[in-house]
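If you read the sequences in order, they're chains X and E. First residue of the first sequence: 1, per the working numbering; consecutive thereafter. First residue of the second sequence: 1, per the working numbering; consecutive thereafter.
Since the hints were made in silico from the structure, they are not lab data. From the three backbone atoms N, C-alpha and C, an ideal C-beta is built for every residue, glycine too. Keep in mind that the hints are not guaranteed to be accurate.
DEER-style ranges, computed between Cβ atoms [said to hold, decoys possible]:
#, chain 1, residue 1, chain 2, residue 2, range
1, X, K68, E, M41, 25 to 31 Å
2, X, T70, E, G53, 39 to 45 Å
3, E, S18, X, G41, 24 to 30 Å
These stretches of chain E come out as covered by chain X in the derived footprint (C-beta under 8 Å, 3 or more residues) [stated by the list, open to error]:
#, region
4, 16-27
5, 33-46
6, 67-73
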Amino acid sequence: GNSVTQMEGPVTLSEEAFLTINCTYTATGYPSLFWYVQYPGEGLQLLLKATKADDKGSNKGFEATYRKETTSFHLEKGSVQVSDSAVYFCALSRYNQGGKLIFGQGTELSVKP
Amino acid sequence: NAGVTQTPKFQVLKTGQSMTLQCAQDMNHEYMSWYRQDPGMGLRLIHYSVGAGITDQGEVPNGYNVSRSTTEDFPLRLLSAAPSQTSVYFCASSYSDGGGAGYGYTFGSGTRLTVV
Numbered sequence: 001g002n003s004v005t006q007m008e009g010p011v012t013l014s015e016e017a018f019l020t021i022n023c024t025y026t027a028t029g030y031p032s033l034f035w036y037v038q039y040p041g042e043g044l045q046l047l048l049k050a051t052k053a054d055d056k057g058s059n060k061g062f063e064a065t066y067r068k069e070t071t072s073f074h075l076e077k078g079s080v081q082v083s084d085s086a087v088y089f090c091a092l093s094r095y096n097q098g099g100k101l102i103f104g105q106g107t108e109l110s111v112k113p
Numbered sequence: 001n002a003g004v005t006q007t008p009k010f011q012v013l014k015t016g017q018s019m020t021l022q023c024a025q026d027m028n029h030e031y032m033s034w035y036r037q038d039p040g041m042g043l044r045l046i047h048y049s050v051g052a053g054i055t056d057q058g059e060v061p062n063g064y065n066v067s068r069s070t071t072e073d074f075p076l077r078l079l080s081a082a083p084s085q086t087s088v089y090f091c092a093s094s095y096s097d098g099g100g101a102g103y104g105y106t107f108g109s110g111t112r113l114t115v116v
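Given only the sequences and the hints, what does the whole structure look like? Please build it.
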């Protein structure tokens with residue numbers, strides 16, 4: 001079946017540190033891949049997406065590259081800020097699946113000043 | 001732009017009570033879905049709909065019913081609330097790319113439900 005696995009958190013970093021949150025997926029065919037962010041007490045917001053192999057999604061300094069050979073979609077940011085503290089979810093959707101999203105378990109990021 | 005509106009934001013129920021969580025979208029999206037969020041488990045799909053009159057089960061459908069009589073509305077009904085249904089519930093909508101994958105996913109702000 002289809003699944004998404006993220007690195008476990010919480011991840012604690014100092015401001016301006018480099019961030020990597022690993023995400024790997026299992027799916028047949030060519031899923032679309034997403035990163036969502038959830039700030040404390042809020043709903044989910046789309047952070048970035050990629051719809052085909054080798055695509056790079058980017059937004060607000062965050063990047064992730066769709067790697068089909070390693071079935072991965074790792075999230076990176078060169079210099080994190082305190083305001084990036086949130087829970088990050090990797091997700092996939094598949095062709096002909098009626099818009100269903102399959103989520104990883106989420107990774108909590110805490111950035112200290 | 002309202003996007004996806006969920007009501008109520010908070011609810012406390014007693015075991016055995018029933019209730020309906022409301023979800024409405026104003027973007028004319030074909031696809032709508034309900035997720036529950038539990039600590040350490042991410043979001044799990046409860047039910048989804050690909051259009052008015054069409055619904056299907058997701059990963060964790062037991063104890064929940066849905067219907068989709070209009071494009072805009074997708075209510076989630078708890079038939080007989082149990083403590084295991086204590087969770088945060090999110091409704092989402094998206095449009096079709098023509099191939100069945102969803103795009104433009106928009107989430108509501110969530111309903112925090114406690115069953116005592």
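A quick look at each hint next to the structure:
no. : hint                          : in the structure
1   : K68(X) <-> M41(E): 25 to 31 Å : holds (27 Å)
2   : T70(X) <-> G53(E): 39 to 45 Å : holds (41 Å)
3   : S18(E) <-> G41(X): 24 to 30 Å : holds (27 Å)
4   : 16-27                         : violated (count 0)
5   : 33-46                         : holds (count 8)
6   : 67-73                         : violated (count 0)
In terms of the numbered hints stated before, the structure departs from hints 4 and 6, listed from lowest to highest.
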